[in-house]
Amino acid sequence: MKKIFSYLFKENPVFVLVLGLCSVLAVTTTFERSYMMGVVVLVILVLSNLIVSLIRKIVSEEIRIPVYIIIISTLVTITELILNKYSKPLYDAFGIYLPLIVVNCVVLGRALSYASKNKVLDSIKDGFKSGLGYLVAISIIGLLRELLGNGTITIMNDISGITGYKEILHIFNNVVIPNKLFLTSGGAFILLGIVIGIINGRRSEV
Amino acid sequence: MIRGLKLEGKKEMSLSEEIIDFSSPSRVCVPLMNNNTSCECLVKKGKKVRKGTIIGIRKNMDFPILSPVSGTVIGIDKCLYLNGEEVDCVVIENDKKENVIKKTLVKDITKYTKDEFVELLRKCAVTGMGGSDFPTFFKYKSDASFLIVNAVECEPYLTADMMLVKLKAEVILESIDAIRKINNIKKCFIAFKENNEIVRNAFLEYIGNYENIILSPVKNIYPMGWERHLVKSVLNLEYDRYPSEVGVIVNNVSTIFAIYKALKFQRNITKRIVTITGEGFTEPINVLVKVGTDMSSIIKKIGKYRGDKLKFIAGGPMMGTALPTDHVVVSNNLGAVTIISDTLDEINECMGCSRCIKVCPAKLCPALIMKNINNVDELKKLHPELCVECGLCSYVCPSKLGLRDSVINAKKKVK
Amino acid sequence: MNIITIFITTLITENVILTKFLGICSFLGTSNKEKNALGMGISVTFVVLISTILTYLINKFILIPTNSAYLQTITFILVIACFVQITELIIKKYFKDLYKSLGIYLPLITTNCAVFGIILTNIRSNYNLIESISNALGSCLGFVLVLYIFTLLREKIENNDILKSFKGIPIALITAGIMALIFGRLV
Amino acid sequence: MKFIKENGPHIKNSDTTSKIMTRFLISLIPIVCFVIFKNTVLVYFFTSETLISVLHPIFMIIVGVLTSFISELLWFKLVNKTNIKTSFLELYRSFSIIPGLLLALVLPINTPLWIVAFGAFCGTIIGKMLYGGFGQNIFNPALIGYLFISVSYNALLGSPLNAYELDTLAGATPLTNLTSLNYFGTYDSIVGSYGTLLNFFSGTIPGTLGEVSKLLILIAFIYLVITKTIKWRIPTTYVTTVFVVTWIIGNSLGLGIWYPLFHILSGGLLFGAVFMATDPVTSPLTPIGQVLHGISLGLLTVVIRFLTPYPEGVMTSILFMNMLVPLFDKIGVRLRYNIKRIYIPILIYLVITILLIINIISNINNNKTNGIDDVGNKVKIIEIKKDGNKKIYNVTSKGWGTIKAEVEVVDKEIKSIIVTDKKDETQWNELEKVDYIYKVITNQKDINKLDAVSGSTFSSEAIKNIIKKVLSEELK
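Residue numbers (this note's numbering), protein chains in the order written: chain A, 729 to 934; chain B, 3 to 417; chain C, 9 to 195; chain D, 35 to 510.
One chain only, chain A, in its complex shape:
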């Protein structure tokens, strides 16, 4: 347990390596969108690591990057199609940030630095680990932004079309006036900066 925790915060792709910030900042206006983005990235990461690892011996050094990009963008396209079909609100909310997963440094980075050199099972494990780190990070940011900026936590709303379950928690109930700052883009930057700063401080203390 401690190991997982320390992994999530010591080697977190977002908080520590500062990769893939686009979507962390852009889609985190509600908690639900944040964790859904995290899940999508996690799935794509695991799958791309799996495929890259499978074909690592066939692909030569020179054409590595184009091939990996094709693989990842294929996976992303499939995800796009699925989301478009089953959860239109979420698809619309993600907008261009869904196809932008293709150029998300976490995905391509893991493929290049790990999956292209390691065995299939290890690669899946690695993808899962990185993806989980990403999922946790983006969820934390999403949770904070929605809670502070709107006073609510959207457990499930956009994808209730699939699950049939809908829940938006109103936390402060007008006792505390929510601060719209956190819903703006500037607020997202500042929040992320402060969170990273605090985690840095914690890390150096431990």
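Covered stretches of chain D (chain B as the covering partner; in silico rule of three or more C-beta atoms under 8 Å from a C-beta of chain B):
| no. | stretch |
| --- | --- |
| 1 | 47-58 |
| 2 | 319-328 |
The calculated label-pair distances, taken between Cβ atoms and stated as ranges, are:
| no. | chain 1 | residue 1 | chain 2 | residue 2 | range |
| --- | --- | --- | --- | --- | --- |
| 3 | D | 417 | A | 903 | 36 to 42 Å |
| 4 | A | 823 | D | 396 | 31 to 37 Å |
| 5 | C | 75 | D | 287 | 52 to 58 Å |
| 6 | D | 108 | A | 931 | 19 to 25 Å |
| 7 | D | 476 | C | 10 | 38 to 44 Å |
| 8 | D | 41 | B | 281 | 19 to 25 Å |
| 9 | B | 112 | D | 41 | 43 to 49 Å |
| 10 | D | 421 | A | 732 | 52 to 58 Å |
| 11 | A | 930 | D | 386 | 45 to 51 Å |
| 12 | D | 396 | B | 3 | 40 to 46 Å |
| 13 | D | 386 | A | 823 | 32 to 38 Å |
Quick caveat, the hints were computed from the structure, so don't treat them as lab data.
Yeah, the Cβ is synthetic: ideal placement off N, Cα and C, and Gly gets one too.
Mind docking chains B, C and D on chain A? Use the hints.
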């Protein structure tokens, strides 16, 4: 526009009618230094020397260092130089006989040709006595049409040049006229602070005889004594690196006196006037001392230190170096020692008041240089190499930052 | 919408970096030095402009007629990657000096989300060719503008006594946030 | 005898940072006194307000000062972990109360105290301490506080009018009034309702706490310049730029010299120029940089005042230019050693200014020819959806910025108005307090008899215009 700042003069402290003669120390330590370059020693222990015997040489310029006394060489020792470093000095036991190599007395000092003049200055080891210690003959190598005599003495507290003028105005004028005739100089100017009545009156008494020497009072600001400011203020000329580019020679007034000695007696600089001053000293005064004297021995004879947390500064309070002890040796370019108590400053962050930028006589941006001290690319664009180390930036800084140090540091970095 | 409005909007109000969060990696990565920032900015502008035209043509004359708009993501990323590769080769061969100064930024551009993001925005907003170019130009200039200002600010705070844990990325993000808020106040 | 070894120079100017900051604070004292006089003493004697409520401005200043002081103390205690004694020393040296004080002075009079505290806290911690404390911040801390407040709680800021002014004036500050007039009008319509320009000068007009008395600001400016506390180039070029540009605009519209004077004397221009733009830490160091800074501030202020829905642009301009300070310094340094190149910035600024003036004048002229009261020009119907006998109009209306609304019409009668996008939250709060939309719908037949809500004239007008337009469309 001439940039600078009016500083509180505090000159009256050390002014007096006469200067005290301390020019027969029992031994002298002559620093083997010229213009911050160390020189080679040419004498051995036990050698008898006379006044004017060559004891060292600056190789790259073939410039000698001459003995100021007659006596016996005891050895070579490290002594505290005015820049705060311990340098090699030739220690000579003074026999107080004042023997010279050759006794000469030139009746008409205008009879030299230009080449002879330059060679004489080299032989007699005349250097800039205002502070640079730069060999003077070098300045006269090229032709010039103007001579500016620097009697500004813009640093606070200092009165050595003023005393010299007060006592020797007549010979100084004679010397200037001789230099003018020898070098075919069109006009000579004597620059002094417009509020300095002592210098003005001293010269006015004798100047009637010389129509090509012009008294030109300059503004009472610091650093008016800087060559560039003088040339701009007196002649309204600007130059790139050296005043010789526009045909101007700038000499300190005490250097002019040294040239007189060389012309008249063919003798080197053996003595000079040093101001001992400051709130930290009980008897501020001007003294006449032999080059190579240990300052502490003279100070002991005159008075006492006063107060605690004192600074012993070789030179004036703006550009001088605070030394750890008072055992500094007198060199050609040591015009003063100032003893003042340390100011207890509260040092703050730079708040960007931009005063250092407004005041810098060299048009630098000291605050920006300090902020970019680690960024060499940016530093080059800020031209710290133009700095004259006048110290005004540190002086005006309300946050009491050592801006001058960081600019000097930057100067080294861009080289 | 006329093209000037698009240009101004993308330049300031909807700045690529500050409101759309595109190109953050290079924003944080290359903003240490003034020179790097400008090099990156110029490279991005060049690549975006050309690939905007390419993708617009491909989209209009190949993808839409064949009813395969769902292939946009793959096609566009391939176009960008190929274009970057070709540019790199050409510059390397014919413009040695330019390669020395810009060469190191080119490989980074493929994975720069600003490039891909701007192109996707063009397509998704159904802009025509002129509007697309105006959008691309505005976005890129906005990118360069913000990147340059940000670099100068980072140089300024480089030697500050910032808390150790906030040094580097966190304070850069906070600065970017404040910049975003200020830009947001302009309209 | 041992001596202290240190590098020169060994004498220092007697002026210190603390003295400079003390002078800065001294110059603010008359302004604070005027705040108390205008908003407390006058209001107490001329209205029936209770003592507590008239003391509100004083509380605002106290809360601002205390918050920034305490948050800095906490920072030293908790983050830097210094002991109390050194913390107080550090606090003394970092002049912690200034951001809070300045922040309180730029806020409207009725701002809730907790918002002042929030702003002062954000300004001090994020704007100042995170960047390393005094002297190292890149943005003016007080303005960071202001920025955070205006992004977070703009809706709750409250009216800038004190109780006395609410009784006597139409309900807007001079600049919001100007915006509602589309930047054009006669002396009477722009200045007249507040008295004469002398009232503007002496400070008996509505505005934020500290900004109103131009006379005291001018005195403070002279004091600060004489004592060499601030950089005089920035405020002078700033104000001159605004004056020149608005003078050209006014002149070409046929308005007199009062128009540029109005622009200078209204809003926070002088206050910002003297106390905020000159903040030594966040303004350029080089003289040329300072001049460029001042001119850019002036141009941006004019842009914001004339081309955006915000009536006031001073604070935003200063913050924006804080970002560009390193750039100005860079240019300043280059030009310092190569003064011949100065024609490049001059040319650029000239072109920008001319384009700007042309743009603004044509904008105003457009509005003028189309008529200010013309409803048709202000309200645009984007689309009409039909659903049985129900019709839904999708409209935009120019009030304070552009409002978007959906209007539901059944049988030529308006059933509901849903505002989908609104620019100014302050005004909306006022409207919602009195349930204005409901009133509008019930009084739709003779809408002109309905009064506008004080404090939100434009939004009320915008709603009324929507009704007029939709009904006239229905009756066609």
